[in-house]
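Please build the complex by placing chain P on the supplied structure of chain W, with the hints as guidance.
Chain residues, written in single-letter form:
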Amino acid sequence: MIDDETAFAGRDKCAVVGIGQTEFSRNSGRSVLSLATEASLKALADAGLGVEDIDGIVRCEQDTVTPYTLAASLGATNLTYWADTGPGGVAPCMMMGLAMGAVLSGQAKTVLAFRSLNGRSESRLGSGGQRMNAEAVGGFGTYDEFYLPYGLISAGQTFALMARRHMIEYGTKAEHLGAVAMACRAAANQTPHAQMRDRPMTMDDYLASRMISSPLRLFDYCLESDGACAVVITSAERARDLPRLPVLIRAVAGGAPPDLRPGMMFPVVSRADMTDLGGRRAAERLWRRAGVGPSEIDVAQLYDCFTISVILQLEAFGFCGRGEGGPFAASGALGRDGALPINTGGGHMSEGYVHGMNHIVQAVRQLRGEADMQIPDAELCLCTGGPLPVGSSVVFRKG
Amino acid sequence: MGRMIPNTQDHDTAGFFAAAAEGRLVYRACGDCGRGLHPPTAHCPFCGGWNTGWRDAKGTGTLHSWTTVHQSVHPAYTAPYTLVLVALDDTPDVRLMGRIDGEPELEAGMKMRVWFEALETGETLPQWRPADD
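Here the protein sequences line up with chains W and P, keeping their order.
Okay, so the first sequence: first residue is 1 according to the working numbering, each after it adds one.
Okay, so the second sequence: first residue is 1001 according to the working numbering, each after it adds one.
This is chain W alone, in the form it adopts within the complex (with noise of 0.2 Å):
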């Protein structure tokens, strides 16, 4: 095992230096390529560089932009270090410790991350996908044959047996997952970008929209969009000269459960205990490396796939003990002005789902204080991504 406190030689060497996107919309009517194109030119904008500066470039492993077609597209061709991670929502916040190594090692100066989707007109990621069509499913370590062919077939199903059975084992009730979605939800109708920005919401609203799988409803959801973000990750030492404050990565760690299963995201219905995250395991190394505790994270993009996913990262992330999620979701924590702010964009549920990415740049935003819904003094970011089969999380520092 790592000594992860003095072993990790990443803790604020790495900085993000610009961050980019496009617009968040149900139908983009362009392509994939286009929209990564465009977060990335505005990314390299906003941290003051040209394409020709770009040598590196990181990407989710389920982006049909390849990192090689994007630099072709931007023109960058300086490339000399590209590198996939995943599995989806994963993505993020492992691309900032993939960005970090390259740059540590030497092996790029300036590296591009980024994720872009049309996750609404074109390939939703609910729907099953390319497997529908599929003569037989499964097998060649998916293991998808013991799921799909009996119609589990969505994350949100999986995360549905999760819920209910934390629920269950924890008394945990609709209403504390709805505070996560109103928590989400008032954090957006600040945010002109957000897509839910002039759409309020009750609890009542939330306990009336319609059952999806039960006892996830519609609001447990999140909003499946077309979009793209990037981000610009360089040194901490050559930040300084840029012309934007510098957010710090303070520290990158993945995490695995200790009931880890193969295959992908169906089989941890099979995990002795499949309410406990592998963020979990990658909370206890992230505080390590970043030398401070959920205690004093001021802001936290918690990666909100579904309200559930939110509940379970508080216990993971130590902002809470086991089963008490809910209540404290239910106490108010996670609003503006409550001791713990989430996605603070309106997050996945009511900004825009870019896998995770967009909660990437929020955290960016909030540090250098020029976020929409600002969150006074913040100086420490928790941004986690995941949450299946594995976790994956950064804190950010201001710089």
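Just so you know, these hints were derived from the structure itself, not from any lab.
One should not assume that every hint holds.
Some chain P residues flagged as far from chain W (calculated, every beta-carbon gap over 10 Å) [unchecked claim]:
| id | residue |
| --- | --- |
| 1 | C1044 |
| 2 | W1054 |
| 3 | P1104 |
| 4 | W1115 |
A short list of chain P residues far from chain W (calculated; beta carbon distances all over 10 Å) [claimed, not checked]:
| id | residue |
| --- | --- |
| 5 | C1033 |
| 6 | G1048 |
| 7 | K1058 |
| 8 | G1059 |
| 9 | D1089 |
| 10 | K1111 |
| 11 | F1116 |
| 12 | P1130 |
Covered stretches of chain W (chain P as the covering partner; in silico rule of three or more C-beta atoms under 8 Å from a C-beta of chain P) [as the list claims (entries may be wrong)]:
| id | stretch |
| --- | --- |
| 13 | 200-212 |
| 14 | 261-275 |
C-beta atoms are modelled at their ideal positions from N, C-alpha and C, and glycine is treated no differently.
The following block gives chain P in isolation, referenced to the frame of chain W:
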């Protein structure tokens, strides 16, 4: 569009479906440490051994969790239907899926019993229903 049919030819999982076709429920287990392995693997992560194989299950279990799907995401799986997650009585290490039409009355920990569904395409799926039904 028809039901999704399972790949029954995978090196690590074919034995499950071959047994189901004979009306037997089996699970992968480690012959050294006795732990159940699901999804099945050739190597046991619990004790590090390779002495794994298929073991006959009693065909009974308890309901661990469930969800009623109210919005269809695949045309061959018409809502409402209920996905049940059943922990085998043989070993808590193994939990299997089942599907019940509609929205049955269920409660955590209730006894469940296996039955075998023959698909039109020839494969067999172990399925679960409340033991009292």
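Evaluated hints:
1. C1044: P/C1044 clear of chain W: closest Cβ-Cβ about 12 Å, beyond 10 Å.
2. W1054: Holds, because the least Cβ-Cβ distance between P/W1054 and chain W comes to about 14 Å, which exceeds 10 Å.
3. P1104: holds, 12 Å
4. W1115: The claim holds: P/W1115 sits with its nearest Cβ about 13 Å from chain W, beyond 10 Å.
5. C1033: For P/C1033, whose nearest Cβ neighbour in chain W is about 15 Å away, the distance exceeds 10 Å, so it holds.
6. G1048: holds, 15 Å
7. K1058: holds, 18 Å
8. G1059: Consistent with the label, P/G1059 stays out of reach of chain W, its closest Cβ about 17 Å off (over 10 Å).
9. D1089: Label holds. Min Cβ-Cβ 15 Å, cutoff 10 Å.
10. K1111: P/K1111 is indeed farther than 10 Å from all Cβ atoms of chain W, at 16 Å.
11. F1116: holds, 13 Å
12. P1130: Non-interface label on P/P1130 holds, nearest chain W Cβ at 16 Å vs cutoff 10 Å.
13. 200-212: Per the Cβ count (3), the hint holds.
14. 261-275: It holds: at least three residues are needed, and the stretch 261-275 of chain W offers 8 whose Cβ sits within less than 8 Å of chain P.
In summary, the structure agrees with every hint in the numbered list given earlier.
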